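Protein chains in written order, with this note's numbering: chain A, 1 to 141; chain B, 1001 to 1345; chain C, 2001 to 2480.
None of these hints come from the bench; they were simulated from the model.
Just so we're clear, the structure is a prediction, and the values are computed from it rather than from any experiment.
Positions of the beta carbon are idealized from the N, C-alpha and C atoms, including for glycine.
Worth double-checking, as some hints may not be accurate.
[As the list claims (entries may be wrong)] Partner residues aside, some chain C positions facing chain B, computed with beta carbon under 7 Å:
1. T2044
2. F2113
3. P2114
4. P2189
5. W2381
6. G2382
7. L2385
8. A2386
9. I2389
10. G2393
11. V2400
12. S2401
13. E2407
[To be verified] Computed beta-carbon distance windows for the label pairs:
14. R40(A) - P2136(C): 43 to 49 Å
15. V2347(C) - D1176(B): 21 to 27 Å
16. D2188(C) - G115(A): 48 to 54 Å
[Stated by the list, open to error] Residues of chain B clear of chain A, computed beta-carbon distances all greater than 10 Å:
17. Q1065
18. A1251
19. D1257
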Amino acid sequence: MAHTSTAAATANATVSTLRDVLVIEDDPVVSRLVEHLLTRRGFAVHVAADGLHAQSLLKTLPRPAVIVMDVMLPYVGGFELITEIRQTSGWERVPVIMLTSKSQERDVLRAFDAGVNDYVVKPFRPEEFVARVRRLADARD
Amino acid sequence: MSLQLVTAAGIVIGLLYLVVVLQIFFARLRNRIRTKRQLGLERTWLPILVADTTAIPESLPPLRQRDLIPFLTLWNQLQESFTGEITGHLNEVARRIGADVQARRMLDQRSLRRRLLAVSTLGHLGDRGDRDSWAALVRLTADKDGLLSLAAARALTRIDATAAMPVILPPLSERDDWSRNYALAMLTDLGVDVVSRPLTDAALHFPIERAPRLLQYFNVAHLADAMPVVRTLIARTSNVECLAACLRLFADVDDLDTVRDYLHHPSWQVRVQAVNVLARLGREEDYAFLQPLLCDSEWWVRYRTAKALCSLPGVEMSRIRDLSQKHRDAFARDMLVHVLAEAGA
Amino acid sequence: MNVVTVANIFGWAALAYLVGINAVYLVLNVVSFVVLRRHKQRGTLGPLSTRFSSLEVPVSLLIPAYNEEHTVVATVRSLLQLNYSHFEIVVINDGSSDRTLNRLKEAFDLQVFPEVVRRRLATEPIRAVYRSPIYPELKVIDKHNGGKADALNAGINTAQYPLYCALDADGVLRPDSLQSITRPFLDDPLTVAAGGIIRIANGCDVVNGWLVRTGLPRRPLPMLQVVEYCRAFLFGRLGWNPVNGLLVISGAFGVFHKETVIEAGGYRRNTIGEDMELVVRLHRFLGGAGRPYRIVFAPEPVCWTEAPESIGALRTQRIRWQRGLCESLWLNRQLLFSRRGGWAGWVAFPFALLFECLSPVVEALGWVYFGAGFLAGFVGWGFALAFLIVNIGFGTLLSVSSLLLDEISYHTYPRFRQILALLVAATVENLGYRQMTAYWRLVGLVHWIAGTKAHWGDMKRTAEWSSPLPSPQASTTNRT
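Just chain A, with the same shape it has in the complex (with noise of 0.2 Å):
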């Protein structure tokens, strides 16, 4: 689990390359949060409100240097597309933070056998959000 601190995110908070983050959410409002957080720290966000649309953005976007979604989306859940996710050629190492509210804790260990890299409850702190997402951006490169 991460323990990144505010001071690790506010100490680099410039950041200078344009990088992609996918978000699949389908409450509007978070993903309008979440977008207006990211998009603030530098990076360029693609939204999907639904596994439909995500499914064909899989194919569509470049890779992202995170994907940050939520458990239940719908048309397609979100477990079925980190599948996807992961069979997507080029794909298959993007960290991928799910998004989770209260109820759904029990998924937790799902989501880490399916290949998820980091969680996030919601209600959230929104700075340790970014921090996480950056971390996870950061060990990429």
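Put chains B and C on the given structure of chain A with help from the hints.
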């Protein structure tokens, strides 16, 4: 029938038709304007509300009256999405632009949307010194609208958890229209330490017919508080709903004797709960107690009994399989076969 | 009194009747608008209530399938993806003569399961119960053919959970449909049945059994039905919510409290409109027993179905519906003005009888009277024009106002071209389409009357069905 009158009626209907058609286009236009305004509002306020630092800029943009509802909606959404120090920052911004004053004013307005927003906003602001709002929220917990009263209860728990408990327990035990989900979310957020004592005391001292509704929240109580109350209640009542609710909570092998007494209760809802407890806590000797229930008249009792038998410690699957072939009752045999198939054995 | 006076009286009565029916629908529209606005406002603090989704009431989805080899697998696949924490899917193959069962077996690797089915409602014998090792929440019942009602009863016997959802094998849902339609049960524990909005899927994009984009049909006939659904089946029904007077829950998508339905006797076999019959019977049964209950219409879009594209299919459907309506009312006629009937017995039932059952008769006679009378000269210009204005003008006003309601509350069809198309359809609907369906309904009414007479003996024989009050000992003496 006079032709003029009919023509006049026709013209009126024709005009009404035009008005409605124009309304449709107008509604569409308004929708578009509203969406645009919402985007503008977010562009202005998101960077301030979700800022890098907790420092608030010296001059904040003014909050126009027409933006009040969208702003408060956004602000409450942020409060629900985030936790940690940012919530304090959100409260600071709200106070600086006078949203707290507006919320207080909205408490007694007619629109349900405004009242819900006001209640929720005051809850997040959590101002303990604001006695007037506290009193108003307490009054709202008795409102005839279930959602509004529950939202008021929720706000009170956010302002002062300990002081809120005695206010919310009576309606929690009485109101049918309080959503269980919402209420459970509220109690869980309060935490076991705050909820445990007041909740279990209330279940014990309120009239017994209200106890089942409180018992369903007992997993937000310490076992040490809950179990003595459960034991007292089960000894005191013959109410089926209450008995079933009590049995569901047993978690200690010391209570097994009590539980076994209910295996032959006349109500199947009680029998099935007793069987479920034995499935969780039972020992090898419960095999003998459970076996007769395989012939129960109620499908659920037979089903749960068969499952319980499979889960008893020290009972081999082969023994169940054997029983499923040799039992003299066809209903029992069928159920055992069914449960064995479910278990994949 | 001479013939002309009688005819005149009839003319006035017909006019008054038509004003009445349109006015009532207008009132229903306004009431449903108020209901909807309140419903929307209640969503203001939305996210909180979904956070603890694990507390959703478990639901058994029952899908009766008779010769559905083309749709059933896609439907089941999409249902397996529903955003709902606790549900099972029970497909009932009602003795299909096509490959329905084989398709399911192949797709889900079904295995025969020694299921112990509770025999709480009498049904045709079950051949086998199948389960899927891949999807433990899926069950398939293979039984002898007995009709939709019989299949649903078998499904109820097999269902594990306290609520069940009856669903057509070709219904298209949204991921949150089940959440929307079970919410009334969470909000009010007295709820025993909830229906959802049915919309027309023609012209929408459906991918893997999911509706991913709403659109309008290109063909005129389904297009007219879009407007008709809006007016009659959406706002016309939602308006009954505040007074607990809803008499119809479409068989395509409705959720019921299982034990209450079993108490009321389950679905009635050999009926044409088993879905409506059950709802009217629930009113009679629960109201008659003096039990508090709620039957509601969940004001959220939940299910899309394919509307008939040909005149012939539409005609058959409407004749069936009308017969089903008459039959449901007739079988539960004790509800009418019964002492404890409430709004359902004192307002909704008489409304259905007077305006939905009999309106085709009045409308047809009206056209004959005013048409013939005008030509023969005993109906004057003013009177004839008045009839046209009420019948067509008022009707069109009603149709466009339901479009307005739809625009304000749902904004279903977001494109500008769509709204224009709908406006045209709303106007055209009243110039021929409505009269055409009224004629079919008249045919349905006649069929029903003829059919009832022919089967009078049968009616008597099965009369015990219609008083479904089981003895309280039933559950203790008979094993379920």
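Margin query: For a quick check of understanding: which of the numbered hints are violated here, in increasing order?
Written below: 16
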